[in-house]
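Asker: Here is what each chain is made of, one letter per residue.
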Amino acid sequence: GQSLEQPSEVTAVEGAIVQINCTYQTSGFYGLSWYQQHDGGAPTFLSYNALDGLEETGRFSSFLSRSDSYGYLLLQELQMKDSASYFCAVRPRRSNDYKLSFGAGTTVTVRA
Amino acid sequence: DAGVTQSPTHLIKTRGQHVTLRCSPISGHKSVSWYQQVLGQGPQFIFQYYEKEERGRGNFPDRFSARQFPNYSSELNVNALLLGDSALYLCASSRGGGGDGYTFGSGTRLTVV
Chain A
-14 GQSLEQPSEV
-4 TAVEGAIVQI
6 NCTYQTSGFY
16 GLSWYQQHDG
26 GAPTFLSYNA
36 LDGLEETGRF
46 SSFLSRSDSY
56 GYLLLQELQM
66 KDSASYFCAV
76 RPRRSNDYKL
86 SFGAGTTVTV
96 RA
Chain B
551 DAGVTQSPTH
561 LIKTRGQHVT
571 LRCSPISGHK
581 SVSWYQQVLG
591 QGPQFIFQYY
601 EKEERGRGNF
611 PDRFSARQFP
621 NYSSELNVNA
631 LLLGDSALYL
641 CASSRGGGGD
651 GYTFGSGTRL
661 TVV
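If you're matching them up, the sequences are chains A and B in order. Be aware that the first sequence starts at -14, since it is given in the working numbering, and climbs by one per residue. Be aware that the second sequence starts at 551, since it is given in the working numbering, and climbs by one per residue.
In short, the hints are calculated from the structure, not lab data. There could be a bad hint or two in this list.
[Said to hold, decoys possible] Reference excerpt, derived from the structure (chain A facing chain B, CB under 8 Å, subset only):
hint, residue
1, Ala(-3)
2, Gly25
3, Ala27
4, Pro28
5, Gly43
6, Phe45
7, Phe48
8, Tyr55
9, Lys84
[Stated by the list, open to error] Take a look, some chain A residues computed to stay more than 12 Å from chain B by CB distance:
hint, residue
10, Leu(-11)
11, Ala1
12, Glu41
13, Arg76
14, Leu85
15, Thr94
16, Arg96
Even glycine gets a Cβ: it sits at the ideal position worked out from N, Cα and C.
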């Protein structure tokens, strides 16, 4: 099965940098995804790491290390609008299984 | 382009009733997945349909069922509602069956009283 662990809450000030870690126990997966969700609205796709290493998309970066069973999402130059919940997710490498397994989410609060 | 649309946005039902939730995927997307999100938790996979065939089913009781129509829209049905079924039900669409880059709808907030 899959188990993804994330910190429950992170608080930071505007302009700061926040790193959200995601550690996982899974028998195999295709890649690590990150989603953002504001106040119970639609989760929005942020980033995907199919391979080990760093992926950069504007102020957001994501990292994956399969050997360490670990990934992270890095939020730079924090803005008030970044206050949201962030979820890591994996798609298990099983035949005909296309589900995403999500972590419980990290609530990021950005203070002025 | 319209995103993933779900209806209704909010719903209140009584225990034991039946509910049908609807989802229209992005135009050109053939895969629809359903997720249940309880407050404070991540989304939990319920079903995936691709080209009108069920491709995956999560650990939910048989009270939950779904189908996909020829136009790729989908319905999620839940029978004999329980209080614990109160949650945000999310629909996600993608072009293929893969799990990266899903587009989610804003969900249906179901409250069972």
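Asker: Going through the earlier hints one by one, which of them does the structure break, listed in rising order?
Answerer: 1, 5, 6, 7, 8, 10, 13, 14
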